[in-house]
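Student: If you want the building blocks of each chain, they are given just below.
There are 2 protein chains.
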Amino acid sequence: MLHVVIMAGGRGERFWPLSRTDLPKQFLNIVGHGTMLEQTVSRLKPMVDGSRIWVVTTVDQAPAIRKLLPRIPASHILPEPVGRNTAPCIALAAYCVGREDPDGEMVVLPADHIISPKREFQKTIRASSQIAHQTGSLITIGIKPTFPATGYGYIRRGKKVAESAGYSFYRVSRFVEKPDQNRARRFLKSGLFTWNSGMFIWSVEAIVEALHQHLPGIATALQPLGKLPPGKRRAFLKRVYPELPNISIDYGIMEKDRNVLVTAASFNWNDLGSWEALANHLPEDADHNRRRGDVVSLDSTDCICFSAGPLIGLVGVSNLIVVATEDAILVCPREKAQEVKKLVQALRRKNKYQGLV
Amino acid sequence: MLHVVIMAGGRGERFWPLSRTDLPKQFLNIVGHGTMLEQTVSRLKPMVDGSRIWVVTTVDQAPAIRKLLPRIPASHILPEPVGRNTAPCIALAAYCVGREDPDGEMVVLPADHIISPKREFQKTIRASSQIAHQTGSLITIGIKPTFPATGYGYIRRGKKVAESAGYSFYRVSRFVEKPDQNRARRFLKSGLFTWNSGMFIWSVEAIVEALHQHLPGIATALQPLGKLPPGKRRAFLKRVYPELPNISIDYGIMEKDRNVLVTAASFNWNDLGSWEALANHLPEDADHNRRRGDVVSLDSTDCICFSAGPLIGLVGVSNLIVVATEDAILVCPREKAQEVKKLVQALRRKNKYQGLV
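In order, the protein sequence lines correspond to chains A and B. For the first sequence, the residue numbers in the numbering used here are 4 to 360. For the second sequence, the residue numbers in the numbering used here are 4 to 360.
The set of hints was computed from the structure by calculation and includes no laboratory data. Heads up, a few of these hints could be off.
No copy is singled out in the list; a pair is fine if it fits within one copy or between any two copies.
Stated by the list, open to error - Straight-line Cα separation of at most 25 Å, DMTMM-like style, residue types lysine to aspartate or glutamate; simulated pairs: (1) Lys-162 to Asp-302; (2) Lys-344 to Glu-212; (3) Lys-163 to Glu-279; (4) Lys-339 to Asp-288; (5) Lys-70 to Glu-258; (6) Lys-147 to Asp-330; (7) Lys-345 to Asp-52; (8) Lys-339 to Asp-305; (9) Lys-339 to Glu-246; (10) Lys-235 to Glu-103; (11) Lys-353 to Glu-103; (12) Lys-230 to Glu-258.
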C-alpha cells in the first residue's frame with residue numbers, strides 16, 4: 004500500500020510578516036483555498052486516504068496539525084522533539100510506517116509547495132510508486148527547469164532503466180548543489196537536468212536498508228520505533244532524537260546510494276521559497292502588480308502586494324514587495340525577497356518583538 | 004485686547020493614512036505632545052488665555068473641537084456650514100470678535116503648523132500686535148526661507164516703516180505665487196523675500212474696513228454677525244454662507260490693500276505640507292531613516308517611517324515613506340509625497356473605502 008509522509012516542520016521565515024514562529028508557511032493560506040498543508044493533503048485524494056497519511060512535525064506544531072487534519076489518525080502525527088534535518092525525519096517516519104505496513108511504499112512530500120494540476124501530480128506519484136515497488140529503488144521526483152535557477156539543487160539523469168505510464172526512470176548520474184548562473188544556463192540547455200524537489204518515493208524496505216547502509220547511527224537509534232507502540236514514541240524520541248546528527252536525506256543517502264532513480268514530474272511546481280516566488284500565483288492588474296487583499300495603487304507597477312487585512316495604498320513605486328498584517332508590515336524590493344529571513348532573525352534577537360515574529 | 008482666531012477646517016489629505024475625513028491633520032498627534040490643534044493653543048499660553056481664543060471649523064469637526072478644547076467658550080467655536088476658503092472664514096471671525104471687543108486686535112493662525120520655540124513665537128506675535136494697534140495696518144508674518152522652496156508663495160518686502168522689539172515691519176512690495184526653482188533660488192539669494200505663512204495680525208477695525216473696501220459682498224453678508232447673539236449664528240450662517248464666493252484672504256485683500264506690512268518671524272516654522280515635511284521632526288537612526296513608532300530596518304536608508312501601531316519591517320529600501328495604521332498602509336517615494344492626495348481622492352470615489360479615508 005502507498006503511504007504518504009508529509010514533512011511539516013518548516014519555519015517559513017521568508018514569508019514574514021504573514022508567517023510567524025507559531026504560524027509557519029504550511030499553515031498559511033497564501034494561494035488557493037485552505038492552508039498549504041491542507042492543500043497538500045487534499046491533492047492526494049482519492050489516491051491516498053487519511054488513514055495512510057503521516058505528518059512529521061515539531062512538538063509545537065503538532066496540536067494545530069491534529070486540529071487541521073482530523074481525518075489523519077493521531078498516531079500518524081509524528082512530532083520531532085528537536086529539528087534534525089530530513090534524514091532523521093524520514094527515518095523516523097519509515098520505521099513508524101514499517102510498523103503498520105512493512106511491505107508498503109512511502110512517498111515523502113514537503114507540506115508547503117504549490118503543485119498543479121492534481122491529476123498530473125497523482126499520475127507522477129502512481130507511476131513512481133509502481134517502479135519503486137517493482138525495482139526496490141529510491142526514486143526522486145525531478146522538476147523540469149523552466150529558467151536557469153540558481154536557488155535549487157539539480158539532478159543529472161543517466162541511463163534510462165524503466166518506464167511506467169509514459170514516465171521514464173533514469174539512474175541519477177549526479178546531484179549538483181545550487182549552481183552559478185552560467186552553469187544553471189548550461190544545465191537548462193542540456194535537457195539532462197531536473198531540479199531537486201525534495202519529493203521521494205520508495206518502499207519502506209528499501210529506505211530502511213539504505214539507512215542501515217549509509218546512516219547506521221540514525222538507523223540503529225530509531226530502529227526500535229518499528230516495534231514500539233505509538234503511546235511510547237514520545238518518551239523514546241525525547242531520549243534518542245536530540246543525539247542524532249543534523250543531516251539531509253540528499254547528502255546522507257541520495258547522493259551516495261547506487262540504487263537511486265529520477266523521473267521528471269508532469270505537474271507544475273513552486274516551492275514558494277519567498278514572496279517573490281508567489282508572483283505568478285497572484286492575480287495581475289493592468290500595471291503588472293500582483294495582489295491579494297485590499298490594495299489601491301497610483302502610478303505603481305510590478306509590485307507584489309499581499310494584505311491579510313489592512314488596505315495597502317501605493318503611490319509611485321515599482322518592483323516592491325509589500326505585505327501587511329494587522330500588527331506588522333514588510334516593505335522590500337522584489338530582488339531582495341530572500342533577505343526577509345535576515346530581518347526575521349534580527350527580530351528574533353529582540354525580546355520585544357516576540358509576538359511579532 | 005489680543006484675540007486669536009485659529010483656522011481649523013482643513014482636511015489634511017496628504018497625511019493619509021493617519022489622517023481621515025473625520026480625523027484631519029489638526030487632530031493628529033504627529034510631532035511632540037498632543038494634537039496639532041492643542042499645541043497651537045498651548046503655544047499661546049500665557050499670552051492669550053482661552054477666553055480670547057476663537058476657532059473657525061467645519062460643522063462636522065466642531066463637536067470634537069469643543070471636547071478637545073474645553074477652556075474655550077462654546078460661543079467661540081465657529082462652525083462654517085460649508086467651506087468657502089480663508090476670506091469668508093476670516094470675515095466670519097472678525098465680526099464675531101468685533102461683537103465682543105470692537106477695539107481689539109486679532110491674530111489669525113492655521114491649526115496645523117509646527118512652530119518653535121514658543122518664546123520666539125510669542126515675541127513675534129506681541130511685536131506685530133503692537134504695530135497693528137499703532138498703525139492700523141494689516142500685518143502678515145513672513146518666514147525666512149531656508150531653501151528655494153517651490154511649494155510656497157513668497158512676499159517681497161519694500162520700505163521699512165516701523166520697528167518693535169527688534170522686529171522690522173516693511174511695506175509689502177508684492178506677493179508672488181509659487182515660483183519655479185530658478186526664481187525661488189533668486190528670491191532666496193536676494194534676502195528680500197519671505198514665505199507666506201498664512202498667519203496674520205490686524206485690528207478688528209482694520210480688517211473690517213478692508214473687507215468692506217475689497218470684498219463688499221462678503222462684508223455686507225456677514226456684517227449682521229457683529230450684533231447677532233451667538234445662539235442665532237447657526238441659522239444665520241446656514242442661510243447666508245453658502246452664497247459667499249470661494250476666495251482666499253491673500254487674493255481678496257492682502258494682495259490688493261495698500262496698508263499691508265510684513266515682518267520676518269523669529270521662530271522656526273513648518274506647515275507640514277506632506278509626510279516629507281515631517282522628516283526633520285522625527286528622530287534619525289544611523290542609516291538616516293526618520294522614524295516614529297515601531298520600525299525595524301535592514302540595509303535601508305533615508306526612509307521616513309511612521310507607525311501608529313503595527314511594526315514596520317524594511318529590507319533593502321531607500322527614500323521611501325512608509326506609514327502604517329492598523330487598517331491602512333501607505334508606501335510612497337519621498338519625492339512623491341504630494342501625490343498621496345491623489346490616492347486619497349481615488350479612495351474617496353469608492354464606497355467600500357469609506358471608513359478608511
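Student: Run every hint past the structure and note whether it holds.
Tutor: The hints, checked one at a time:
no., hint, result
1, Lys-162 to Asp-302, "neither (53 Å within a copy, 48 Å between copies)"
2, Lys-344 to Glu-212, "neither (37 Å within a copy, 68 Å between copies)"
3, Lys-163 to Glu-279, "neither (35 Å within a copy, 64 Å between copies)"
4, Lys-339 to Asp-288, "both (22 Å within a copy, 22 Å between copies)"
5, Lys-70 to Glu-258, "neither (37 Å within a copy, 74 Å between copies)"
6, Lys-147 to Asp-330, "neither (39 Å within a copy, 42 Å between copies)"
7, Lys-345 to Asp-52, "neither (39 Å within a copy, 54 Å between copies)"
8, Lys-339 to Asp-305, "both (14 Å within a copy, 18 Å between copies)"
9, Lys-339 to Glu-246, "neither (36 Å within a copy, 57 Å between copies)"
10, Lys-235 to Glu-103, "within (15 Å within a copy, 89 Å between copies)"
11, Lys-353 to Glu-103, "neither (45 Å within a copy, 59 Å between copies)"
12, Lys-230 to Glu-258, "neither (29 Å within a copy, 96 Å between copies)"
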